[in-house]
Amino acid sequence: MVKSAQKSIEDYLKAVYSLQQNGNKVSTSEISQTLNVAPASVTEMLKKLSEKRYIEYSPYHGTTLTSSGLTIAEKTTRKHRLLERFLHDMLKIDKVQVHSQACEMEHALSDEAEESLCRLLKHPDKCPDDDKIIPACTLPFSNCEECVEMHSKGLEQVGKRQQNLVSICNLKAGTSAKVSFIRGEHRVLQRLLDMGLTPGTPIKVERAAPMKGPVEVCVRGSKVALGQDIAANVFVENTGKMKI
Amino acid sequence: MAGNANVGKSVLFNQLTGSSQIIGNWPGKTVEKAEGTLKFEGEEITAIDLPGIYSFSTFGMEELVSRDYIALEHPDAVINVVDASILERNLFFTLQLIEMDAPLVICLNQVDEAKKKGIVINKEKLEQVLGAPVVPTVGIRGEGIYDLTKTAVAVAKNGCRSGKVQIRYDAEIEERISKLDKEIQAEELGLEYPSRWVAIKLLENDPEIKKLIGSKSGSIVKTADGLASEISSIHNEPCFAVIAAERYSLASSIAKEVQQQQSEVETTFSEKLEWVTTHRMFGYITSAGVIAGLLLWTFSIGGVLSNIFSNALALFSPVDPRFSGSIEGIIWNGVYGGFVAGVTLVIPYVVPFYIMLAMIEDSGFLTRVAFMMDSAMHKIGLHGKALIPMILGYGCNVPAIAACRIMETKRERLLATYVITFAPCAARTIVILGLVAAFVNPWWALALYAIDIALIFVMGRIALKVVPGQSTGLIMEMHSFKIPSLSVVTKQTWIRTKSLIYLVFPLYIIGSAGIQVLYALGVLQFLSNVFTPVTVVWLGLPAIAGVLMILGLIRKELTLLGAVAIFGTTDLAPYFTPVQFIVLALVSIIFIPCISTVTILAKDYGWKTAATIATANFVTAILVGGVAFRIITLVI
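Sequence lines, in order, name chains X and Y.
When we follow the numbering used here, the leftmost residue of the first sequence carries the number 1, and every step to the right adds one.
When we follow the numbering used here, the leftmost residue of the second sequence carries the number 1001, and every step to the right adds one.
No lab work stands behind these hints: they were computed from the structure.
Worth double-checking, as some hints may not be accurate.
Said to hold, decoys possible - Facing chain X, according to a computed beta carbon distance under 10 Å, are these residues of chain Y, among others:
1) Asn1004
2) Glu1088
3) Ser1215
4) Ala1241
5) Ala1245
6) Ile1475
Even glycine gets a Cβ: it sits at the ideal position worked out from N, Cα and C.
Generate coordinates for the entire structure from the input sequences, incorporating the hints supplied.
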């Protein structure tokens, strides 16, 4: 019973997370449609979630995630999308079927298993069915090589990241933020470091090209265009002005 | 001369040596080092222009070329060209040059642009911090060139390897660098590289240096690995990232110390251009508009000029090919015909095209097109940068294929090259214009363009299936827009036109004379008959088309010139039906690329690849031509 309550919380938060765009408030009817639940039940659940301070909810105005709600939503979404990759890449299950499978499995996956899965799949960046960005992990690293290195040394006590991260693909033009985490292989990482995107560097998103095109960022006085698949892997501290 | 990409090295290099490096406002024009000489106060100096790079640690060819040149050839002086408006990022590279103990001169270029952005740099302070002379310049106007040369000569004469200033990292890193440095010195490996630099590279886990040292002393590599993992446990980050971050924080503090940012300037014209060219809708419209404008301008100006030239030449002597009489007479007539063809068909179209292309290149527009088209290019396994060589391919495939070296991996270079062999170059444009626009109508000429572009996309998709693999993502610096400089544009146009004239005129003259002789001897008629199953039966062309296509192998426009020579008139209308004009033009543009293109393909990728591409193009041309013949017959 406890399990299923937790599952339901995670599903709601995940739904709000995926519906919340440009920091827009999410309406009850949108949630009801996404989860296929009657509006009355949704309202009831939202009140509960609001009591637990996972969301900010006011009737008729809609819902937004609080920072702790966002943490859970990202964690669940991350597990979901990693599992989709796993089912698709390793078990060769068809794209169409991975979503519903992953929906069931995501709640049962432990954090340790999630981290191992990420390393096993070589830090994938997008989910197979709709190309959405897999959120960053909650380990306190600034790139994936560190994670692999630390893991091979058997250092298990590494703690957790303090802030929520967001990919620069999800930032509005004009937003400034600090680089926190770069996902991906050595070559790309080295190249980005050489261009000045070292951890802690302030950057500003200048613009993004339409149709999932590149993102142009201003870093250390120069402007650099990063292709969507590279930009998706550059994460900054989430300052709230984001779309998902 | 070394420095970041697109800081003006090639402009300065041309100013210094009077040579003709290609210039453009996009990163990656110079892919191999270029050499030139200059005389300065009675001394002969050899200048080398190195490709633009951001660091010595990445894995590309450019980095390796530059690094080995500076470390192994021991140049007397290294001029580090620095973009004054992006000082911090440029200094990251300068710091690495200092680590390499290079005898440095800092060339603070584009100080005028920096001033416009409100950035003023304290030259004396910068000299003090870097321990190297600093010369401010404006490359495009040649300002400061004399001072730069004088300073560089002085540095070369003093033989002063900088070294006065030592780049110091944080204590815990510095300690380990010195420890490793000492160990390397103790082993006396007889290295060409400075030992401290080798120590830093080993800590950064540089594969090339690691291999080099590993072959001489395994224990040093082991020590280095140990020290690197110590650093990474202290900082909780891999060692190379720690060092990059440290180096950047040094660069940043130096930049802050020496530069003054005056009040922010208001929205400039270039920012408005930025908005228009990258807007989600106007961006595409401007991109398409500029490309279409380039072609329209070429066609319209070209047509007018071509007319003027032919009328002028007709005053001297009529151009009527002769196929009878003495062989000598036929040859002379052919030579004259070839010359006239060159003057009236190539120069009028190609020169205006090159002028406009040089302006587009110099403005910085190409990087915006690459930015906007990146996601579309991913569909053919490439990223946005590949669009730059493709647009150059509209001029001539040969330099465009050379420019493909801006792509990061060999596979992407090959894919980009392959699609470029279909790009409608100036010569193909002449065929389209001369056959279709002139004798059918301009709309069909445009349609052929559209078919060609669609074909590029389809062939790109097919090529992607043939050469599968991971594609890399786009990382491209976007430089500010510039008003094209008149001198750069004129020079660029002249360089390109000159090389075309040298290449084309002899070919035309010999080719034209040769065709007339062969025709008079009856060889061409024989060849045409051999090819009739393909040309007449499958493509529905007159038998002579086989000969025209063979001529097109030498240069595409010879297809047109050949027809003129063989029929003895510039009015080809009586000899072909409209459908035949269209099919002939279509086949000859897709058909095997011209000899020069095949040669550069073989040079860059080997004969096997060149032959494969040529065969693939040949088969495509015949297939598409046959299908088009059947479809177009129904339409017209």
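Hint by hint, here is what the structure shows:
no., hint, verdict
1, Asn1004, "holds (9 Å)"
2, Glu1088, "holds (5 Å)"
3, Ser1215, "violated (22 Å)"
4, Ala1241, "holds (6 Å)"
5, Ala1245, "holds (4 Å)"
6, Ile1475, "holds (6 Å)"
Violated hints amount to a single one, hint 3; each of the other numbered hints is respected by the structure.
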